[in-house]
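Undergrad: Sequential numbering from 157 applies to the sequence shown in this note's numbering.
It should be emphasised that the hints constitute simulated quantities derived from the structure, not laboratory data.
Computed from a predicted structure; not experimentally measured.
It cannot be assumed that every hint is accurate.
Claimed, not checked - Lysine-lysine pairs mimicking BS3-like chemistry, simulated, CA-CA at most 27 Å apart:
id	residue 1	residue 2
1	Lys-283	Lys-226
2	Lys-222	Lys-196
3	Lys-196	Lys-226
4	Lys-206	Lys-196
5	Lys-402	Lys-390
6	Lys-222	Lys-194
7	Lys-194	Lys-226
8	Lys-222	Lys-279
9	Lys-194	Lys-206
10	Lys-196	Lys-292
11	Lys-196	Lys-279
12	Lys-404	Lys-390
13	Lys-283	Lys-222
14	Lys-390	Lys-370
15	Lys-433	Lys-370
16	Lys-292	Lys-279
17	Lys-292	Lys-206
18	Lys-390	Lys-475
19	Lys-194	Lys-292
20	Lys-404	Lys-292
21	Lys-206	Lys-279
22	Lys-404	Lys-370
23	Lys-292	Lys-402
24	Lys-226	Lys-292
Claimed, not checked - Computed beta-carbon distance windows for the label pairs:
id	residue 1	residue 2	range
25	Gln-381	Val-436	25 to 35 Å
26	Thr-277	Leu-214	53 to 63 Å
27	Asn-326	Lys-194	42 to 52 Å
28	Gly-327	Tyr-372	26 to 36 Å
29	Leu-235	Thr-386	15 to 25 Å
30	Thr-429	Lys-404	34 to 44 Å
31	Ala-369	Thr-414	17 to 27 Å
32	Leu-235	Arg-375	23 to 33 Å
Heads up, the beta-carbon is just placed ideally off N, CA and C, and yes, glycines get one too.
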Amino acid sequence: MPNKRKQGGFGLIDVVLALSLTAVILATVIPMSMNYYKQKQVDEFITNIKGLIVQMQLYQFHRTSKEGYKSNPFFSGYLDSWPASFDALMLDYGGAFRELCGPMNEEAGICVRPDTLPFTTEKLRFKQVMETTVNKVFLVIPTSTLPNDGPRARWGQPLLALPDAQLLDNGDIQILLRPLTKTIMYDEFLRKDGSEHLTGDWDVGGEHAITNAKDYTIRNSDGSQQLVSTGLVKILQVNHGDWIDKPKCPEHQQPDLTLSIHTVTIPNQYTLTGSIKPYVLGESSSQWRAGLEVRVVINSTGRPHSIEDGVMTAFVQCK
């Protein structure tokens, strides 16, 4: 018969091991979960700040493009193109740029006001500065209210990674708001120096064109790039003696003409010998002249002869 004391000893050891393992798991999982939740809060806050900036820029763009307000920060009246307050952003234009959220609705948990911050009871501020040469508009985030032993860095570092963000001497962070332009209407800025890539389709609205470019490239299936200027081919059908206009080409490229046979007409009095030659009959600074030589035999005499009856295909491009 088994020893009951021995069985009881093994049972106690099992319980202790299980509790120890549970403690280790909890000691690992709980901090990881807390860190994940904290980082999620920060990420959501940064997304909200980016969205608020875009809403304010769109408000300013509407006023400058539709109502005649100044879009140049060097001119007086520039500050009037921005919303006077966060309430103005929500109330002006029927809430077209930000849905209205009043204090009572926020208290009831229906919405969150744009100046409410997740890490402090202080509010996000909107600051306008009139300087001698240029007017500026800032968002000011009161990160100085955060303890400087971790939380300030956790919230502040992602904010400082935003364009035109700056740490102030008092510990707050301010973000300079720049106006949108007609070429910057995307979630990511499309900079002329190529520092930011266009990651989505570019729709110019059907009323405008992309003009005055040096060249364009198209990505091939293997990742290489195809120049549009060398891939554009104008195809014409011409007869012997027709003139073909030379294209205007980008720098370092020259007009190029390739002629090929489309159809040849052999009258009954001739027999084709097999030799058909399209060629450039003449050339000027702005045109080529197409030529066609079809070698035949005169049926009645057997003598060789050449005719020009036929249609050629002309491929015109820059190379």
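Undergrad: Hint by hint, note whether the structure agrees.
TA: Structure-based check of each hint:
1. Only pairs whose Cα atoms come within 27 Å are accepted, and Lys-283 paired with Lys-226 is accepted, the gap being roughly 18 Å.
2. At most 27 Å may separate the alpha-carbon atoms for a hinted pair to count; Lys-222 and Lys-196 exceed this at roughly 39 Å.
3. As the CA atoms of Lys-196 and Lys-226 are separated by approximately 39 Å, the hinted pair breaks the 27 Å bound.
4. About 15 Å separates the Cα atoms of Lys-206 and Lys-196, which keeps this hinted pair within 27 Å; it holds.
5. Straight-line distance between C-alpha atoms of Lys-402 and Lys-390 comes to about 10 Å, which keeps the hinted pair within the 27 Å bound.
6. For the suggested pair Lys-222 and Lys-194, the alpha carbons sit about 42 Å apart, so the restraint of at most 27 Å is broken.
7. About 41 Å separates the Cα atoms of Lys-194 and Lys-226, which puts this hinted pair outside 27 Å; it is violated.
8. Between Lys-222 and Lys-279, the direct Cα distance comes to roughly 31 Å. Violation of the 27 Å bound is thereby established for this hinted pair.
9. For a cut-off of 27 Å, the pair hint linking Lys-194 to Lys-206 stands: about 19 Å separates their Cα positions.
10. Taking the CA atoms of Lys-196 and Lys-292, the gap is about 32 Å. The hint is violated against a cut of 27 Å.
11. At roughly 21 Å between alpha-carbon atoms, Lys-196 and Lys-279 fall within 27 Å of each other, so this suggested pair holds.
12. The straight-line distance between the Cα atoms of Lys-404 and Lys-390 is roughly 12 Å, inside the 27 Å bound, and the hint therefore holds.
13. Restraint check for Lys-283 and Lys-222: satisfied, since their Cα atoms lie roughly 24 Å apart, inside the 27 Å limit.
14. Restraint check for Lys-390 and Lys-370: the C-alpha separation of about 19 Å stays at or below 27 Å, so the hint holds.
15. Between Lys-433 and Lys-370 the CA atoms are separated by roughly 37 Å; this puts the pair beyond 27 Å, and the hint is violated.
16. Distance restraint check for Lys-292 and Lys-279: the Cα-Cα separation of roughly 20 Å lies within the 27 Å cut-off, and the hinted pair is therefore satisfied.
17. This hinted pair checks out: Lys-292 and Lys-206 have alpha carbons roughly 18 Å apart, not beyond 27 Å.
18. Between Lys-390 and Lys-475 the alpha-carbon distance is near 13 Å, which keeps this suggested pair within the 27 Å criterion.
19. This hinted pair does not check out: Lys-194 and Lys-292 have alpha carbons roughly 33 Å apart, beyond 27 Å.
20. For the hint pairing Lys-404 with Lys-292, the CA-to-CA distance comes to about 46 Å; that exceeds 27 Å, so the pair is violated.
21. As the CA atoms of Lys-206 and Lys-279 are separated by approximately 17 Å, the hinted pair is consistent with the 27 Å bound.
22. Proximity of Lys-404 to Lys-370 is assessed by CA-CA distance (about 13 Å); at most 27 Å being required, the pair is judged to hold.
23. A threshold of 27 Å between alpha carbons decides the hint, and for Lys-292 with Lys-402 the separation of about 53 Å lies outside it, so the pair is violated.
24. With a C-alpha separation of about 13 Å, the suggested pair Lys-226 and Lys-292 falls inside the 27 Å cut-off, and the hint holds.
25. Evaluation of the 25 to 35 Å hint for Gln-381 and Val-436 yields a pass: the beta carbon distance comes to about 31 Å.
26. About 29 Å separates the C-beta atoms of Thr-277 and Leu-214, a value inconsistent with the hinted range of 53 to 63 Å.
27. Here the CB-CB span from Asn-326 to Lys-194 is close to 24 Å, at odds with the stated 42 to 52 Å.
28. Separated by about 48 Å at the C-beta atoms, Gly-327 and Tyr-372 break the suggested range of 26 to 36 Å.
29. Between Leu-235 and Thr-386 the CB atoms are about 50 Å apart, so this pair departs from the stated range of 15 to 25 Å.
30. Against the hinted window of 34 to 44 Å, the Cβ-Cβ separation of Thr-429 and Lys-404 comes to about 40 Å, which satisfies the hint.
31. At about 26 Å, the beta-carbon gap between Ala-369 and Thr-414 stays in the expected band of 17 to 27 Å.
32. Evaluation of the 23 to 33 Å hint for Leu-235 and Arg-375 yields a failure: the beta carbon distance comes to about 44 Å.
Hint compliance for this structure: hints 2, 3, 6, 7, 8, 10, 15, 19, 20, 23, 26, 27, 28, 29, 32 are broken, all remaining hints hold.
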